[in-house]
Amino acid sequence: MARITRPDRLGDQLPALQFRAGLRLGIGLAALGLALAPPLVKVARSWPLRSAVSGESMRPLLRPGDWLLVDPEAYRARAPRASELVAVADPRDPSRWLVKRVAAVGEDGRLDLRGDDPERSTDSRTFGPVEPARVIGRPWARYWPPRRIGRIR
Amino acid sequence: MIRERVVAAIAPRHTVHAHCDIPCGIYDPSVAEYGARTVARMVELINQNLGDDLTQRNQFARCVAVKEQYAESVKHEIRVIWGDYFKPEHVEKYPQLHDLTWRIMKQAGKCKQTVDAQAAAELQALVKQFADIFWETKGGRPQA
Chain G
1 MARITRPDRL
11 GDQLPALQFR
21 AGLRLGIGLA
31 ALGLALAPPL
41 VKVARSWPLR
51 SAVSGESMRP
61 LLRPGDWLLV
71 DPEAYRARAP
81 RASELVAVAD
91 PRDPSRWLVK
101 RVAAVGEDGR
111 LDLRGDDPER
121 STDSRTFGPV
131 EPARVIGRPW
141 ARYWPPRRIG
151 RIR
Chain F
1001 MIRERVVAAI
1011 APRHTVHAHC
1021 DIPCGIYDPS
1031 VAEYGARTVA
1041 RMVELINQNL
1051 GDDLTQRNQF
1061 ARCVAVKEQY
1071 AESVKHEIRV
1081 IWGDYFKPEH
1091 VEKYPQLHDL
1101 TWRIMKQAGK
1111 CKQTVDAQAA
1121 AELQALVKQF
1131 ADIFWETKGG
1141 RPQA
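Just so you know, the sequences run in chain order G and F. At position 109 of the first sequence the residue is numbered 109 (this note's numbering), and the sequence of numbers has no breaks. In this note's numbering, each residue carries its 1-based index in the second sequence increased by 1000.
For the record, the hints were derived by calculation from the structure and aren't laboratory data. Possibly wrong hints are sitting among the right ones.
Claimed, not checked - Quick list of simulated restraints, FRET-style, between CB atoms:
#, chain 1, residue 1, chain 2, residue 2, range
1, G, Ala35, F, Glu1136, 45 to 53 Å
2, G, Ile27, F, Lys1093, 54 to 62 Å
3, F, Pro1095, G, Pro64, 44 to 52 Å
Unchecked claim - Lysine to aspartate or glutamate pairs mimicking DMTMM-like chemistry, simulated, CA-CA at most 25 Å apart:
#, chain 1, residue 1, chain 2, residue 2
4, F, Lys1093, G, Asp112
5, F, Lys1138, G, Asp117
6, F, Lys1110, F, Glu1044
7, F, Lys1128, G, Glu119
8, F, Lys1138, G, Asp116
9, F, Lys1087, G, Asp90
10, F, Lys1075, G, Glu119
11, F, Lys1110, F, Glu1033
12, F, Lys1087, G, Glu73
13, F, Lys1087, G, Asp117
14, F, Lys1138, G, Glu131
15, F, Lys1087, G, Asp116
16, F, Lys1075, G, Asp90
17, F, Lys1093, G, Glu119
18, F, Lys1075, F, Glu1004
19, F, Lys1093, F, Glu1044
20, F, Lys1087, G, Glu84
21, F, Lys1087, G, Asp71
22, F, Lys1093, G, Asp90
Positions of the beta carbon are idealized from the N, C-alpha and C atoms, including for glycine.
Model the full structure from these sequences, guided by the hints.
Following this line, the structure appears as structure tokens:
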């Protein structure tokens, strides 16, 4: 008598299904981890440099009272380029940090900084081009206020 | 309680200044517009042929003095906004700015030298053009 196989019964396939589901879950979690790991690392290293915006010169992008994450590693591997945001030590008073945008990079590598609202900004037009060594990091995300959380550039 | 502790934990540790040395919003071309209106009004009064008695002559002299004073005030106010407020970006966007300022200086001088309603009207028109540019850079004239 031939053995009757009943492949249609769920019970027989359960271990295989469980295994596959587990595998999928594992792969999914790993993918999620891979996707989130770089931002999380970036958040973690930016966290100690979290900064509040003061002043109007970066309107409309940044408003006074915005809370930003500043990545200290962003410009270690390469210098800032034109149109990128930078946090720099004020050449006139290094204890004071400024947030501005790189308008241009000079041939000597110094940064020509501008506010986004040049009419209400004191920047390289006043204090001249800035040494790249004065760069503190790259403001790359706003984490407060909640309605405007997100990347900035 | 919890909320305060959360806020304290995530609060920024630094300040980044998006700063501006000059306190903003202290410039206003209205003073120059008012000055140009005063000049026009004085021209009007002087042209009303005041009589020859002492009081009328005194009145006449006062009108001339006020005309002189306000024409000078127009020049001063316009010069300050032109020299201190406007930046190269503005001149790029409004290339007529330098010429307009220069014409206002000339026109105010002409209003001092003459008793000419036409000249006074022209001064008012030029100052208005200047004020319009100023308010455009400010994103619009405030509603009075």
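Now for the hints, and whether the structure bears them out:
Taken as a hint, the range 45 to 53 Å holds for the pair Ala35(G) and Glu1136(F), whose Cβ atoms sit roughly 47 Å apart. For the pair Ile27(G) and Lys1093(F), the supplied restraint of 54 to 62 Å holds, since their beta-carbon distance comes to about 56 Å. Between Pro1095(F) and Pro64(G) the C-beta distance comes to about 33 Å, which lies outside the given range of 44 to 52 Å. A threshold of 25 Å between alpha carbons decides the hint, and for Lys1093(F) with Asp112(G) the separation of about 21 Å falls inside it, so the pair holds.
Only pairs whose Cα atoms come within 25 Å are accepted, and Lys1138(F) paired with Asp117(G) is accepted, the gap being roughly 11 Å. Distance hint between Lys1110(F) and Glu1044(F) is fulfilled; the C-alpha atoms sit about 15 Å from each other, no more than 25 Å. About 21 Å separates the Cα atoms of Lys1128(F) and Glu119(G), which keeps this hinted pair within 25 Å; it holds. This hinted pair checks out: Lys1138(F) and Asp116(G) have alpha carbons roughly 15 Å apart, not beyond 25 Å.
Among the hinted pairs, Lys1087(F) with Asp90(G) is consistent with the structure: their alpha-carbon atoms are about 22 Å apart, no more than 25 Å. With a C-alpha separation of about 23 Å, the suggested pairing of Lys1075(F) with Glu119(G) holds against the 25 Å cut-off. Taken as a hint, the Lys1110(F) and Glu1033(F) pair is honoured in the structure, with Cα atoms around 17 Å apart against an allowance of 25 Å. The suggested pairing of Lys1087(F) with Glu73(G) is violated, with an alpha-carbon distance near 35 Å, which exceeds 25 Å.
Using a Cα cut-off of 25 Å, the hinted pair Lys1087(F) and Asp117(G) holds, with the two alpha carbons roughly 12 Å apart. Distance restraint check for Lys1138(F) and Glu131(G): the Cα-Cα separation of roughly 32 Å exceeds the 25 Å cut-off, and the hinted pair is therefore not satisfied. Simply put, Lys1087(F) and Asp116(G) have alpha-carbon atoms about 14 Å apart, close enough for the 25 Å limit, and the pair holds. Of the supplied pair hints, the one linking Lys1075(F) and Asp90(G) is violated, its CA atoms being roughly 37 Å apart against a limit of 25 Å.
As the CA atoms of Lys1093(F) and Glu119(G) are separated by approximately 13 Å, the hinted pair is consistent with the 25 Å bound. Only pairs whose Cα atoms come within 25 Å are accepted, and Lys1075(F) paired with Glu1004(F) is rejected, the gap being roughly 55 Å. Among the hinted pairs, Lys1093(F) with Glu1044(F) is inconsistent with the structure: their alpha-carbon atoms are about 37 Å apart, more than 25 Å. Proximity of Lys1087(F) to Glu84(G) is assessed by CA-CA distance (about 23 Å); at most 25 Å being required, the pair is judged to hold.
Among the hinted pairs, Lys1087(F) with Asp71(G) is inconsistent with the structure: their alpha-carbon atoms are about 32 Å apart, more than 25 Å. For a cut-off of 25 Å, the pair hint linking Lys1093(F) to Asp90(G) is broken: about 29 Å separates their Cα positions.
Comparing the model with each earlier hint shows violations of hints 3, 12, 14, 16, 18, 19, 21 and 22; every other hint is respected.
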